[in-house]
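*Asks:* Here is what each chain is made of, one letter per residue.
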Amino acid sequence: MYDVIVIGAGVTGCAVARELSRYNANVCVLEKCDDVCEGTSKANSAIIHAGFDAAEGSLMAKLNVKGNEMMDKLCEDLDIPFKRNGSMVVCIHKETLGGLNTLYDRGVKNKVKGLKILNREEALEMEPNLSENVEGALYAPTGGIICPFKLTIAMAENANINGVEFRLNTRVEDIKKNEDGTWKIRTNNGEYLTRYIVNAAGVFADKIHNMVSEDKVHIIERRGEYCLLDKEAGNHVTHTIFPQPTDLGKGVLISPTVHGNLIVGPTAEDIEDKEGTNTTAEGIAYLQEKANGNVRNLPLKKVITSFSGLRAHLEKHDFVIEEVKDAPHFIDCLGIESPGLSASPAIGEMVGNMLRDMMGLTNKENWISKRKDILDPSKLSIEERNELIKKNPAYGNIICRCESVSEGEILDAIHRPLGARSLDGVKRRTRAGMGRCQMGFCSPRTMEILHRELGLSYEEITKSGGRSNIVMERTKNQKGGEQ
Amino acid sequence: MKAYDIVIIGGGPAGLAAAVSARKAGVDKILILERDKELGGILNQCIHNGFGLHTFKEELTGPEYAQRFIDQVLEAKIEYKLNTMVMDISYDRVVTAMSREDGMYQIKAGAVILAMGCRERPRGALNIPGYRPAGIFSAGTAQRLVNMEGYMPGREVVILGSGDIGLIMARRMTLEGAKVKVVAELMPYSGGLKRNIVQCLDDFGIPLKLSHTVVDIEGKEHLTAVTIAEVDDKMKPIPGTEERYTCDTLLLSCGLIPENELSRNAGVEMSPVTSGPVVNESLETNIPGVFACGNVLHVHDLVDYVSEEATRAGANAAKFVKDGEKEKGKVVELFATEGARYTVPSTIDVDRMDDLLTVRFRVGAVYKNSFVSVYFDDKRVMHNQKRIMAPGEMEQVILQKSKLKEAGDLKKITIKIESE
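Listed in order, the protein sequences are those of chains A and B.
This note's numbering applies: residue 1 is where the first sequence begins, and numbers increase by one.
This note's numbering applies: residue 1 is where the second sequence begins, and numbers increase by one.
Think of the hints as simulated: they come from the structure by calculation, not from any bench.
C-beta: ideal position from N, C-alpha, C; glycine also.
Wrong hints could be hidden among the right ones.
Pairwise CB distance ranges (calculated) [to be verified]:
{"no.": "1", "chain 1": "B", "residue 1": "G177", "chain 2": "A", "residue 2": "L193", "range": "47 to 53 Å"}
{"no.": "2", "chain 1": "B", "residue 1": "Q396", "chain 2": "A", "residue 2": "E289", "range": "40 to 46 Å"}
{"no.": "3", "chain 1": "B", "residue 1": "G267", "chain 2": "A", "residue 2": "G260", "range": "18 to 24 Å"}
{"no.": "4", "chain 1": "B", "residue 1": "P272", "chain 2": "A", "residue 2": "G260", "range": "21 to 27 Å"}
{"no.": "5", "chain 1": "B", "residue 1": "D88", "chain 2": "A", "residue 2": "K109", "range": "47 to 53 Å"}
Here are some chain B residues pointing at chain A (derived, C-beta under 10 Å) [to be verified]:
{"no.": "6", "residue": "N83"}
{"no.": "7", "residue": "M85"}
{"no.": "8", "residue": "S99"}
{"no.": "9", "residue": "M104"}
{"no.": "10", "residue": "Y105"}
{"no.": "11", "residue": "R121"}
{"no.": "12", "residue": "P133"}
{"no.": "13", "residue": "S138"}
{"no.": "14", "residue": "T141"}
{"no.": "15", "residue": "N147"}
{"no.": "16", "residue": "M148"}
{"no.": "17", "residue": "G150"}
{"no.": "18", "residue": "G177"}
{"no.": "19", "residue": "H222"}
{"no.": "20", "residue": "E261"}
One chain only, chain A, in its complex shape:
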């Protein structure tokens, strides 16, 4: 019997898990995929919003601003990169200049710090590659950029080291209330008993909710397509550049990433498919058209990959974080769409506090708040690097040429808590395969390491779990040789 089961190991579930790991409680996270950070958390803008967009008084606004404020300390504790590069909402039509004031006022009411309206000259001085048509901009110095994989993985690892169990490849199929008020969760991997449940299932959160409640909810999968540009284009802008928002959302942004690429996106299209993460020709064409409106000479030819993610949109467009009325001891995290990544630490804290109060949880005495990231040897001097290679020669062996990732880093990614088990798992933890050749060079080499370290046969190695196997069988010649 667990005290709490968290369903979903995205950024929300992992933030909740980390918060719960502070307390004396038996906590488990169930995740249907092969790794943490496999849904919405892996495919988004990778930015930390300042908090001027969300409606005044909404939970979204409150948790966005709170989460943003928590980010510096959290990222320091978790040893992951976070940069407050500042964001700008750019106005390119004189007649909509007033919209900037509306956003400014809302931001002030939401308690966003440091907002400033810039005139054309000030905006261009701050960001010389803005469109010539720029009329003015709203500047938010607290806007930031982050690696969503690292944030999610780091919170999961930290929760895990503090005793939270993770059950991967475990899909929730049904939830029943036991007579004593506890829950029985049926999965493809057996049954789990728990006193409390946190529903952090992202776009699937309606399915999970509807298993326990008569008050049915519906999540709309709002697809967002993105293009990621080569690091050569990474300095085209230094701030996160937004257009003025519309009814469908915050529009197509252009932002440097914390790793030095440039990201362009997202589109916003409502689909009825919880796995509809395909890109479309129309979507990519739309991005290219929109992005060029706000920034000049955007080097869209330098795209290295495109992808799409699904936002878990609720019609009321606010986060719903509450105990379900007709399902006591079941806490929903519904509608965690943008700015969910920014709000995640605050969501984790809010849910943690709710459960602490409901369950009377007590603090662990030996809770470990910090975690060390995978060592990045590129930050070392030649002398330090040589010391490292002497101690562990694997750091002298480069596996991914585009991102200069060594075997040492990959071994660390595989052998740390909740370590990588697939090519994508290695990629998200080390960046091996995330560069301009997109795994062309390193995938056979990474496969060799996964084979050796995890005892997986080549046929068992996957791109990202499930049936995503890379190779099918031995060649004729090799088969013959083995007979």
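Position chain B against the provided structure of chain A, taking the given hints into account.
*Replies:* Relative to the frame of chain A, chain B by itself:
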């Protein structure tokens, strides 16, 4: 800091030939840095034959061709380091390298020869819509898996792009028992050699669909199908022409890109057309003492031309090491227009050039019964008819030093394709 007369970045066909040539020219301290576990570069995975017809007058496999040069390197006792990644090259020719055994170290090079080869254009750079499942490979990655690791990616294959590696892999996968359903090529002509189309597709009844591209990729975990469609003359898919192919493997052979990260960081000037360095008649970049050859300079069709080019680069680097930086003589610029896409080299120092200089270029479309013309300023000095020229095959003209000298106040040389 260690010092070498010549440091060669890359131990593939270009690096090997450059090393051998520099040694023949009398350079003593030569070092080849190779990131893989053996010399030979990409040739090691090219187990098909057809290499070396020009150089050795016989048909060799890739590894056999490489071995001919490896043997010469060994015989000449040229030093090389395997499993070694070059991390940086500086403007003043300090090379930073790293390996398990030696850690990170720096070498002062009298001359540097860039011979890093090229890489394949990945799916992401092609903006192909659809899902991103397992089962999509660049053709060269699949070639490595099949020929070196001994594993088959799948059984039912669609290939996008008709570059040579894709064509070779169509045959290779077929011989391994896979069904290659179609090769789709965006352009109205193939990107590969004619002989590969005949020997790798036609001989096996594999259809080549020109002016077609992939417009959708299905499969949430593993590839299950792709849809291809015909494109119009603006490369836009034509609605109604879609054809869906179930498959578990999609190979991409959509162009090669010279691998010039190190060159760029060093400050080497790049050509936007070739994505390789801009070089003079000595195959020297804008950085004195830094030379380039092989696919890092411009993508070649035949390895024989790589070896020949690298031999020149090696000899010129040797000259630089022995004689130092020479004073500039009279420099003539080369231009490619009207059908010719680029020239290598981009400039010629008339005083320093060899008696005969090969200028290589590619055409931008298929030309039948057309002429390769060379103009000295406005005067046509060469006019050679060619039965067929195609973007997949490299072209060349040979310039004579004596003719350039005779031309007196020559400012520019232009290569163009003319219909008559």
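*Asks:* Of all the hints given earlier, name the ones this structure violates by number, lowest first.
*Replies:* No numbers; nothing is violated.
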